[in-house]
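Asker: Using the sequences provided together with the hints, build the complete structure.
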Amino acid sequence: MKKIIINRVLMILPTVITIAFLAFSIMYFSPGNPAEILMRYRNPEGGTDPAALAHYEEMLGINDPFLTQFENWGAGILTGDFGESFKTGNPVTEEFFYRIGYTLMLSFTGLAFSLVIGITLGFLSAEFKDSWLDNLLRFTQSLKMSIPSFWLALFFIYIFSTQLRWFSAFGYNSPKDLILPGLVLGLSNSSRMVRLVRTCILEEKGSGYVYTARVKGLSEIQIFFKHILKNITLPIITLTGVSLVSMIGGSLIIENIFGLPGIGTYLVSAIVAKDYPVSMGFLFAYGVIIVFINLFIDIVYQFVDPRVRDCANAEI
Amino acid sequence: MKKEKLLEVEQLNIKFTTSIGDVNVSDNINFTLNKGETFCIVGESGCGKSVVALSLTRLLPENAVINGSVKFEGFTISDLDDKEFAKIRGQKIATIFEQPMSCINPVMRIGEQIAETYRANFKCSKKEAKLQALKKLEEVKLPANRYNAYPHELSGGMQQRVMIAIALACNPQLLIADEPTTSLDVTVQYQILELLQELKEKYHMTILMITHDMGVVHDMADRIGVMYAGNMMEIAERDAFFKQPLHPYAQELLNVVKDPCHYTIPGTVPNLMEIFSGCPFEPRCQKATEMCKTYKPENSVRDERMVRCLNVIPN
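Each protein sequence line maps, in turn, to chains U and G.
My numbering runs 4 ahead of the 1-based position in the first sequence.
My numbering runs 6 ahead of the 1-based position in the second sequence.
It is worth saying that the hints were derived from the structure and are not from the lab.
Owing to the predicted nature of the structure, the values given are computational and were not obtained by experimental measurement.
Idealized CB from N, CA, C, for every residue including glycine.
Some clues are possibly wrong.
Said to hold, decoys possible - Listed below are the simulated EDC-like cross-link pairs for lysine to aspartate or glutamate, each with C-alpha atoms no more than 16 Å apart in a straight line: (1) U:K91 - U:D134; (2) G:K9 - G:E43; (3) G:K89 - U:E224; (4) U:K6 - U:D314; (5) U:K209 - U:E224; (6) G:K9 - G:E296; (7) G:K41 - G:D228; (8) G:K77 - G:E10; (9) G:K136 - G:E118; (10) U:K234 - G:E43; (11) G:K93 - G:E79; (12) G:K11 - G:E43; (13) U:K133 - G:E68; (14) G:K77 - G:E118; (15) G:K93 - U:E224; (16) U:K209 - G:E68; (17) U:K230 - G:E118; (18) G:K11 - G:E310.
Claimed, not checked - Derived list of chain G stretches under chain U, where covered just means 3 residues or more per stretch with a C-beta under 8 Å from a C-beta of chain U: (19) 88-96; (20) 111-117; (21) 156-162; (22) 189-197.
Answerer: Given below as structure tokens:
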């Protein structure tokens, strides 16, 4: 077990290096001169003085070869220095850690909602297969899938904030403010979960060990909790990982609507503003977060399913 | 000596309702199991053998319509509701299936699966259940250190032994074995059959075995039922059956065994969605007459022998 985990962690290194390389080259090859942009931010009325421009180019090391620049940037990463934002002059890491908290809180709230909704509805749908309830649930799932999340967000703001005044519509003051955006995020991600849980349960119900469990004299509830649940955990975990990744990466619409200062919003505005250090740093951080989520899920697999454990052991 | 009856099945009719019509898998089947005997149901694949076995423990899907009466120890169990029936199913009737790998939970330790059966039916502590499970492991000749093994760490034969241990956890009176050796290779088959025989004698169990393997039948059966297309064609004592099978289908089955390389029964098992106006075996039967096409044969019984054929009278 330890061996597998160490092995997986070591495998991360090349991935992370690749991510760093890609994040750097995307920005390197994008059109525009960073020095010029930086100069305009620092000195808006300065015009285009070639001497000043040369000074900024010197400062950023723009005339160095590609690999030297990459090395410099990479060395910075290793010491936790991602440079300073062109726009604000603050260190990128500071900007990042200020914002990642919001994004993570929002994503995990969304994930919690999507898991609770997905497993409950999926279970009901499977348990009452082909009944009116199942049909209704299936219909609402397809409906939900086709509703864009911003519409849902605005709709919820209208109902819960404007009409009922239960939640504030904008900004973050207390954890309570996460409920509404989390719910929207969770709802729009739960459709897949509901379907997956339903299909998995139905599939497992037809499998031999469920028959055996019935023959043993176990009740249907015991069969579900003791046998079926553990067998459907694996696909649920997989989808949880995928959902989490897509929520962390894709929550910027929700962040925008609800005025949460998360990294999604900030990254997009940084890209638009050609804030190179922020864009590179955030892209890299995104990639690393996703790698770690996958690592975490890989490790969880080992605990849940003995077959995965043995296969992985055999590989090493 | 009058034999004590354990299970009596009368007028058992089973059909599946599907979107393209009804499938009749059991047509007025009658048979009884005497205490302590092994009764084998044989027939080709698709004759409804397994369905009959599964119906006894109510494991059929919801689209199955079951009619008829099933008595267990003189007590009609076909009237019981599901909750009452679950008790009998756990304690008195056990079932083992064809595919041991898919019939034990892949993510649960095998010992726990055996212990769980015990705990589901008797009030006892976890410790006691574990002791019982270890005892059962020993009985099916698996080493005690396999208690913590997962199913995928075992071979097919060992998995079937686990299946048997689970089935026997509560010392059932009736064991339904649905093709227990079909998925195993020949040497392991023999070991498993021997184990079943041994445990049967030890616990005075009655076994209902479903198989299509005449060799298994010859080794295990006390009495034999031959099924074809949802019909019980013949029921006979083992010795009498192998000496002289009466029904043409039973004769054909034995012909195949005598010359497995060259002889096959012409034709195939009919689609069970057909409704037979005459004898279902008539199209493949070499002894069929004009009458067989129009008249459905009834059961004719004499002593311990039953035949469902217009041209044969048991004597």
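Asker: Please go over all the hints and tell whether each is borne out by the structure.
Answerer: Now for the hints, and whether the structure bears them out:
1. U:K91 - U:D134: At roughly 57 Å apart (the allowed maximum being 16 Å), U:D134 and U:K91 break the hint.
2. G:K9 - G:E43: holds, 10 Å
3. G:K89 - U:E224: Holds, at roughly 10 Å.
4. U:K6 - U:D314: holds, 13 Å
5. U:K209 - U:E224: Judged against 16 Å, a Cα distance of about 10 Å means the pair holds.
6. G:K9 - G:E296: Distance ~40 Å between G:K9 and G:E296 Cα, so the pair is violated.
7. G:K41 - G:D228: At roughly 11 Å apart (the allowed maximum being 16 Å), G:D228 and G:K41 satisfy the hint.
8. G:K77 - G:E10: holds, 13 Å
9. G:K136 - G:E118: Satisfied, since the Cα-Cα distance of roughly 7 Å is no more than 16 Å.
10. U:K234 - G:E43: Roughly 39 Å between the alpha carbons, so the hint for U:K234 and G:E43 is violated.
11. G:K93 - G:E79: With a Cα-Cα distance of about 14 Å, the restraint between G:K93 and G:E79 holds, given a limit of 16 Å.
12. G:K11 - G:E43: holds, 10 Å
13. U:K133 - G:E68: holds, 12 Å
14. G:K77 - G:E118: Roughly 32 Å between the alpha carbons, so the hint for G:K77 and G:E118 is violated.
15. G:K93 - U:E224: Holds, because 13 Å separates the two Cα atoms, which is no more than 16 Å.
16. U:K209 - G:E68: holds, 13 Å
17. U:K230 - G:E118: With Cα atoms ~11 Å apart, U:K230 and G:E118 stay inside 16 Å; holds.
18. G:K11 - G:E310: holds, 13 Å
19. 88-96: holds (count 4)
20. 111-117: holds (count 4)
21. 156-162: holds (count 3)
22. 189-197: n = 0 at 8 Å, threshold three: violated.
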